[in-house]
Amino acid sequence: MNNQLQGYTMAVLGLIFLLFNALSYIFDWESRSSAFSILGLVCVVIGMNRARKN
Numbered sequence: 004m005n006n007q008l009q010g011y012t013m014a015v016l017g018l019i020f021l022l023f024n025a026l027s028y029i030f031d032w033e034s035r036s037s038a039f040s041i042l043g044l045v046c047v048v049i050g051m052n053r054a055r056k057n
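Heads up, the sequence shown is in this note's numbering, so the first residue is 4 and it goes up one at a time.
Derived from the structure by calculation, the hints contain no laboratory data. Note that beta-carbon positions come from the ideal geometry of N, C-alpha and C, so glycine has one too. Each statement offered as a hint is correct.
Have a look at the derived ranges for each label pair, beta carbon to beta carbon: (1) D31 to R55: 29 to 39 Å; (2) F30 to R55: 29 to 39 Å; (3) D31 to Q7: 32 to 42 Å; (4) Y11 to S40: 12 to 22 Å; (5) I29 to K56: 28 to 38 Å; (6) L22 to N52: 14 to 24 Å; (7) E33 to L8: 29 to 39 Å; (8) V48 to N5: 14 to 24 Å; (9) F23 to I49: 14 to 24 Å.
Model the full assembly from the supplied sequences, consistent with the hints where possible.
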């Protein structure tokens with residue numbers, strides 16, 4: 004059960020990274036970085052994989 008909660012937490016964190024990067028492109032903020040997109044995608048994939056295993 005704990006591993007599943009960690010997976011969901013990691014997936015939500017990845018979605019926050021993706022949302023932040025998307026908003027920075029939309030509103031033309033200075034903090035645009037493709038590293039947030041890559042890190043967000045990796046966190047979502049690994050987090051959902053952990054959550055589904057249990």
